[in-house]
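Chemist: Listed here are the chains, written in short residue letters.
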Amino acid sequence: MKSLLTFPKGGIHPPEFKTQTQGLGIEIMPVPDELELILGQHIGAPCQPTVGKREEIGEGALIGEVKKGLGVPLHAPVAGKIKDIGNSVHPVRVSAPSITLTVNREAAAVRYERQAWQNLDAAELLTRVHDGGIIGIGGAGFPTHVKLKPPANSPVDTLILNGAECEPYITADHRAMLEYSAEIVEGAKIILKILGIKECHIGIENNKPDAILAMTKAAEPSSPDASVKIRTLQVKYPQGSEKQLIQAITGRKVPAMALPSAVGVVVQNVATAKAIYDAVVLRKPLYEKVITVAGKGIGRPANLLVKIGTKLKDIVDYLGGLQPGLSKIVFGGPMMGFAVSSLEVPVTKTTSAVLFLTKDEIDTKPHSQCIRCGWCLDACPMGLEPKEIGLHVEAGRSEVTEPFGVFECFECGSCAYVCPAKRPLVQFVRLAKMKAKRPQ
Amino acid sequence: MMMLVKIRYIVLAALFFVVAPLAAQAEGLIVDQTFSGKKEITVKLSGAVDRKVAENVGNYTVFEEADPDIILALGSATLGHDSKSVTLQFKAPLNTAKTHVVTAQGLAGIDKTTFKVSKSYLGYLFGIFISALLINNFVFTKYLGLCVFFGTSKKKSTAKGMGVVFTVVMVVSALMSWFFFNFILTPFNLNFLQIVVFIGLVSLTVQAVDTVLRKVNPILFNSFGVYLVLVIANCVIIAVPLILANNNYNIFETFMLALGAGGGFLLALYLMSSVSERLQLAKIPPTFKGLPIAFIVAGQFAMAFLGFSGLQLF
Amino acid sequence: MSKQQELDDQSAAPAGLWKVSTSPHLKSSESVEKIMWTVVACLAPPLILSVFVFGIQTLLITAVSVISCVAVEWLSQKALGRPVTIKDGSAVLTGMLLAFVIPPGVSPLLPILAAVFAIYIGKHLLGGIGYNFFNPALLGRAFLLASFPVAMTSAWLPPVKNLAIFSFLNRSIDAVSTATPLAVMKEKGMVAFTEIFGSGTDLYTSFFFGWRPGCIGETSGFLLVLGGLYLLYRGYITWHIPVSLLGTIGVLSWIFGGQGYMTGDPLLSLLSGGAILGAFYMATDYVTSPSNKTAKIVFAIGIGALTVLIRLKGGYPEGICYAILLMNPLSTVLDGWFKPKRFAPPLGGAK
Amino acid sequence: MANDKSSMQLITRGILSENPIFKLALSMCPAVGISTTVMNGFMLGIAVLFVQVFSSVTISTFKNVIHPRIRIPTYTLTIATWVTVIDLVLAAYLPEAYAKMGIFVKLIVAFAIITMRLEMFACKEPVKDSFWDGLGMGLGFMIGMMVIGFVRELLGSGAIFGFDVLGFKPLLFFILPSAGFFVVGLMMAFFNWIEVYYKRSKGLK
Amino acid sequence: MKNIITIVIRLTVSCLLAASIMGLCFIFTSNAKKHNEHVQEQRVIYDLLGYKNGAKIPDSLALHEVYRYVISGGDRQSIGYLVPQGHGKGFFFVNIDLNGGLLASKTVALGDTEALDPKTRDKAIEQAAGPGYTVKFADQTIVVTNNGKRIAYLLGGKFQGFKTFVNVMLAVDPEFTILGLAVLEHEEDPGLGAEIVQDYFKNQFKGKAFEALKTIEVVKAPIPTEYLEALNGRVSEEASGKLREQYKDKAIYALTGATISSKAVAEGVKGIVTKFAYRLNVLDKILQEQQLAVSF
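Chains as they are written, first to last, in the working numbering: chain U, 1 to 440; chain Z, 1001 to 1314; chain L, 2001 to 2351; chain H, 3001 to 3205; chain R, 4001 to 4296.
For the record, the hints were derived by calculation from the structure and aren't laboratory data. Nothing false has been slipped in among the hints.
The calculated lysine-lysine pairs, modelled on BS3-like cross-linking and capped at a C-alpha distance of 25 Å, are:
1) L:K2034 / U:K365
2) Z:K1283 / L:K2087
3) Z:K1039 / R:K4263
4) H:K3169 / R:K4220
5) Z:K1283 / L:K2078
6) Z:K1119 / R:K4158
7) Z:K1098 / R:K4263
8) Z:K1038 / R:K4270
9) Z:K1289 / Z:K1155
10) Z:K1039 / L:K2313
All of these numbers come straight from a predicted model, not from anything done at the bench.
Using the sequences and the hints, build the whole thing.
Modeler: Shown next as structure tokens:
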């Protein structure tokens, strides 16, 4: 038996909590009366609205675009009327510019037809990706068309699709791989064509055997031009982090402060591949996505296909309301997601899950002083020294934390997870990143 | 990098002083002679000898060098299996701190072979070094040089620079002081001028190191020059000549003492600096901030160094 | 409570009710308290055994030591205006360890003084848990050894006979005191040692199971090893320190411990002088040992070498206490020398 | 500036606000090393007082003829001379006390406090003020040493000035050298605390 | 240039000034120093002889210093003694070979105070030993007489303690029974080995006869209370004498926690006395044979 792929250093094994939703099929959530579309959903410059107040628009219509700088356009998820262009509650930033859309329930749903893409050239495909408003919807929100145009000095030879989904609770990608296997594989092939390369690996953690099976079938390994390979990964957090995934699959190490393209690799989430398929083959822009709603704090956990801009309160209403004992609402996974304080927050392109965690699911103990057990050193997949960063930040000496590797930290939270003193190490790192001087 | 070169020279110099007396050992019938136990002397010979002669107790006389009239009572003499080593067993425990003189008659046909048995001189020298470095560490057990110790032990780099400069100045000034003490002060009965002469020599050394460094290696000077000023007004450096004058050390012993003292100072500074880097992160009660806490930490170090007390290496 | 009710009746949930903190929201079930109390629990069996070996006196000394440590911790934290954390068990652990390294026959006043020194001066003045440089229990012992050299080197009790565990109470210690095996060996030599403690397998088994004079912590090697193995199993300590420490002591004692080279008795050196307690419970103290694995090995080798040096050439028969104290401040230095290996150096090579 | 300072002020400054041991933290070596008894502290205090006063007066007297370029060597020479004198005197007349103080009498030559007073005060001020300043600093040092010696002797050997007051030795630890660090550290903190407390109570008024 | 000259001149002047101050001080104090050291030594001696705290010292009491030298030259070694002839009468130099046979005896004209100075004394011995021989001072013994009758010997000695050397002075009577022990210098641990200076340890040696001393042992046991009281001088002279008699053949009780130091002292004392007894025997025989009129 072949030993499973993984990265060698660090990592943790948090409980998975996936049973709640992993058996539930993707459920299409009815469109609520009102959507709140945040203009800056991606990394880069936020969109400028291209529509006016009280304007009537159709489903998939362009409502915002980026004229200057890095970014992708924003589309209307449904037909409706622009109610307002103002500010909305934002999950991370407290508030952000947004467009409020009142749904027009009379309008007929748009039907998308499959179009041949094999004859198009890479540039055209790339334009379609851009026009579809595709960003890395695994969580980072980096505009995909930029990622698919790697710098000339570092040629890319491998594409990796990330189906690891190592965060506890989340099963959205798992379900997507089961239900959209063919689309994902086709999306991968589109990306391969854009990049002009032949090799694609889809990494999936061992705890999703059905997804591995489905994807392997879709990849048609027996066909002569099989370029997409399914790789089974060991269950370990943070397996889904770019650098760790690349090391697990290719054995290459992405240098500190560098992008995967430095070692000739492009990484995309499986959900992004599906979105690329939609944008290129169906010419359907990215305006809806699969999210996992789980936790003991919600009436009915589910994998939902929701429109971008759906507010949390609508989801809560749809899924049976909040449950007693709810203590924390987390956007994203429990390891790297962020807690929100309001149900007014809308779903964005990068939302992969909304977790309603009760008291017994999270740790609410106050933190104590560092006892230098060094467990965080063992847990850190990057080989950093979280304890030193924490101690320095606590002493008000954030400026000198660079030697301990603050800027290499991608905030996976492994250190804080294992810390017996329950120290908020990730928060310390974030503080340090603000104060310390970045090397060049 | 420069410091590495310097350290290498120091090590080479130390090696020279250690090896030189070794090479001076005479060759002959007796290859090696040591105290092998509390009541035992073992002699290794270059060739096989007659068992009958070698095992006759009457053929040996052994006494302490200072007491030639007191012959020590021998219990037995045993020749090893290869006939090349003799073990002398005594009736009473020997005072291994003293040099013993052994005279053997008729061994290997030689009428009379006389040799001295003492604890290895190298070991003794090394003992002085270790003593000054650890057992009687100048900072933690002799409480010297505290001002500089507390002043410059905040950063590791400073501590290292300071320690190295100290060691160099200490060795040079100690050797010079030894020379002055033995060839000028003692013969002319001017011992009461000790203090003036020693402090003058220290200042001179500092000035010389300053000038030489400035010319020869400006880079090194830039990194270490600042510490030179601090060296003069420091008791640790003047203490070394005073101690050697007190104990009548010879030049090798002086060198070892100075090297050990300097090394010990470097060690103490380095330890303290690494600790105080950590201390700066701690929440110290406000009244203890700064020197008081440094003193308490130094006290804890001194307690740990009590572990070395009574250590006798050779 | 009110939060709960509001959630219950499903009214519009106002903002700010839920905990908002940074990721990760999931944390492991380990905690400082759990670790400390587990170690304390591992130390309980040897303590219970010691009652049968030396009498009820040991329990008394341990109780005094633990209570005074906790009390001093409470007082220091109150006095310094810090949150009181006596529940986390670290003071209890210090008290236990302190009692384990002092002779069982000393006056109960001694552990109280040591507690003040160890907890207040050794720990809280330096910033509390996590900021001390020296193992507080050993610092307390060093303080006692310096202050009461006679009591600390002579108040050893011989094992009691016929389970007469109350026999040493109300008796002057002078009348019953004896010497530890290593002290006998150091002062009188191997012959006297064999005379008193026997030799061969009998010797090893009686040492391993605790039937000989010594401090509580050094008598029962067996139970201490068991506790240590449990800590290893739980992942609270790693093998690096105990294995390399005991290995170093064994090897060096074998090479230098006897009359000639390579004739020492490694097993005896490990079973006596608190080597096991030091290796599993003292040297592995998180705060005062390095965090990095390589650094841990170097640290432990250093302790082992110093222990053998002090035992054979130094002024104390046991040695491991001072060896650990001497290496403790070096853990910071070692952590600086042996940094964890980074995932990958930045482009253009390592800095 | 110093003209309006009375002799009393100069003395009290040395003893209290600029105490060489607790406030300026200079010349700590003997404070840790030999402060095991009040007597030792007193003896070394006397020696330092002597050297300080005589050096201050000497330098102040000759301040106009000392060439600024050889200022420091002159100070060193002056101090070394007076240290030699006190060293010889103590060795001759008080051999027992001298033996206890060991090398530290000779080491007065390297005390930063003396050089500092010469550089900062004696080389600028009139002879009379320098005398009082030296006296104050010397007394401050002596009192500091004696206070530390008092604590250590009382706790370490249960005696004061060699007279057994407690009848037993409470904590032998305190006559051990390493305790010197603790006592000095704790006392510094204690004086800091008094200062803070004093300032606070004043502020409240 | 002018600057330099002024600096040099002023520096020279100040150096000269400093040197003269120190020189003067040295001259004034050196004699006092010698005197005080001598007084100190005398005090230890009389303390050991039992004249404590300024008790009146009888005029008939006299101290005679005998110096021992190791003389080596060629392939021969011998022991040279400098024995006083009497107050102001100079010394005898007695050269004895290693087997106790006389090699030479000469008179050496050396003043009493001159003999105190090591350098002058060494020179005189060198002359007496003859050319080609090197001399090395070994030790010094004081013979105490009362009305011309020997009552005690004072022996100095240095031996290895637990840490460094222990320097002691011993008083023994003509039968080599120990009269007293004084610890002059030591570096033992405070509270442990340093207790060797305490009366309750030192006084245990008092009254130990030569024969008992030869096989002396150190035991690890608490000192019986009444003996302890006696050792500490808390009982009457009579009672303590009785106890001393009672314990005179017993072992030395070790200091608690400092067995090694205690043993070192016992062994050291034993070594000093046995060596001295042997040598005195040899010297006395020669003195008698040669009928040298020494002062004691």
